[in-house]
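Novice: Here is what each chain is made of, one letter per residue.
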Amino acid sequence: MRIKEHPILDFKRDREITFTYNGKEIKAYKGETIAAALYAAGIRVLKASSKYERPRGLFCAIGNCSSCHMVVDGTPNVKTCITQVKEGMVVEEEVGKGDLVD
Amino acid sequence: MTAALKAAQAGASVMIIEKYHELGGQLIKQTHRFFGSKEEQAGIRGIKIADDLTHKIKKHPKIEILTEATAQGYYEDKVVTVSHQEKHLKIKPKKVIIATGASEKMLAFENNDLPGVYGAGAVQTLMNLYGILPGQKVVMVGAGNIGLIVSYQLLQAGVDVVGVIEAAPQIGGYLVHASKIRRANVPIYTGYSIKRAIGEKSVEAVEMVKLDENWNMIDGTEKIIEADTVCLAVGLRPLTDLLIQADCAMAYVPELGGDVPLRDENLKTTNDQIFVAGDAAGIEEATAAMLEGEVAGLKAVSEIGYQTPDLFEELKRLKKELKKLRNGPVGEVIREGLKKVRGEKDAGKDRYSHLS
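Those protein sequences? They're chains A and B, same order as listed.
Numbered by this note's numbering, the letters in the first sequence go through residues 24 to 125 in order.
Numbered by this note's numbering, the letters in the second sequence go through residues 155 to 510 in order.
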């Protein structure tokens, strides 16, 4: 959910863009990170842990902890909390450790 | 940022390597006003300080900025490798200032990996930077300043803070922050800890438990609160991977948040080329980090020939400000920690000696 009114902050949102998450279209604003856009759309599970495949979501949101790794345009282990979302991006939940791209 | 500015103002060419796509570090989400003295920007919101510094840096012709860039390593031939937007760069600077900040501490409890369990910094990022609510009902773990301030920020954003859990018998943060959230009827449970998060795919509830005087859980005192978010504000740990990899001598200093590099009062590490500043040197307030940056920046470039006429006066002034900031009972922990990293007090065994 996006905040519309805030006592201190004024959120100036850039133009709207569309990307896909597991094949589903998601609306976001330019300048948002992939993880932020997914959270705004109510999606909290970003990957499955590599050993027990437990659901994982955002933890640190500043690119330190690896809890938000996803497959983005075919590339695994992308830190979605610090990667900005782009028009037409294909984002998928990551399972396991991520396979090398050819 | 303050290190870069000081260095560039003295005439040196500076390159900033930043992981994120904009400058400002953690200040870009600090909506609260700062404490401290007037000279050190007390009363100013963090976001404003970040804006001002970014503006000055972008305007400065001597500073080159690489964003979405990660410094990966420092090598014996003094080369720093950087991964920058899909490219691998090799840079050979005369001096390196490491100001990598800190990362959030984790807490051991059942289901602590469930989506919906965040570090307090992550909540601030989502909420204050992107304007996205982290959840509807939040349990805050930790009643230190960060826990209290972020609780208040959650309330400002319209989120229901259902409780603040603090393991210690008393609130750790300033009372002024605690009063703000108490006035909003947020209960603060001192002497309690989180036992587990409950939920399948995401947090649905939190079980808390009372602790005895030895921090052990007391059976039968469990309490379950409905919540979709757990926010951990249980401290920070210096982000020192680069310093360790560069073989700077390290010491475990709990007063400064964990493993930190040994250094002198000019923030120079045991490597003549490497300086450190900010939370990477030890967890402290942002004001101290900015002052340390200035000291490190000035001193580093003075050693390669860029000396402003007022160098010694300015260093003296900055150190005096730092000392003032660390005065009194609140600064005592920091003062003790600094004695250890400056070699004035035994810091215990170097945990990293096996690496060299």
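Please keep in mind that the hints were generated in silico from the structure rather than gathered at the bench.
Small disclaimer: the values here were computed from a predicted structure and weren't measured.
A few of these clues could be false.
Below 30 Å or equal to it, Euclidean Cα-Cα: the simulated DSS-like pairs (lysine-lysine) are [said to hold, decoys possible]: (1) B:K246 to B:K291; (2) A:K120 to B:K259; (3) A:K35 to B:K212; (4) A:K109 to B:K210; (5) A:K109 to B:K213; (6) A:K53 to B:K349; (7) B:K349 to A:K74.
Selected chain A positions facing chain B (Cβ under 8 Å, derived; list incomplete) [as the list claims (entries may be wrong)]: (8) H29; (9) I49; (10) A59; (11) V68; (12) K74; (13) P78; (14) Q107.
Glycine included, each C-beta is placed from N, C-alpha and C at the ideal position.
Novice: All hints, please: hold or fail.
Specialist: Each hint, compared with the structure:
{"no.": "1", "hint": "B:K246 to B:K291", "result": "violated (49 Å)"}
{"no.": "2", "hint": "A:K120 to B:K259", "result": "holds (24 Å)"}
{"no.": "3", "hint": "A:K35 to B:K212", "result": "holds (21 Å)"}
{"no.": "4", "hint": "A:K109 to B:K210", "result": "holds (29 Å)"}
{"no.": "5", "hint": "A:K109 to B:K213", "result": "holds (28 Å)"}
{"no.": "6", "hint": "A:K53 to B:K349", "result": "violated (39 Å)"}
{"no.": "7", "hint": "B:K349 to A:K74", "result": "holds (24 Å)"}
{"no.": "8", "hint": "H29", "result": "holds (6 Å)"}
{"no.": "9", "hint": "I49", "result": "violated (13 Å)"}
{"no.": "10", "hint": "A59", "result": "holds (4 Å)"}
{"no.": "11", "hint": "V68", "result": "holds (5 Å)"}
{"no.": "12", "hint": "K74", "result": "violated (11 Å)"}
{"no.": "13", "hint": "P78", "result": "holds (5 Å)"}
{"no.": "14", "hint": "Q107", "result": "holds (6 Å)"}
In the structure shown, a violation is registered for the earlier hints numbered 1, 6, 9, 12, in ascending order.
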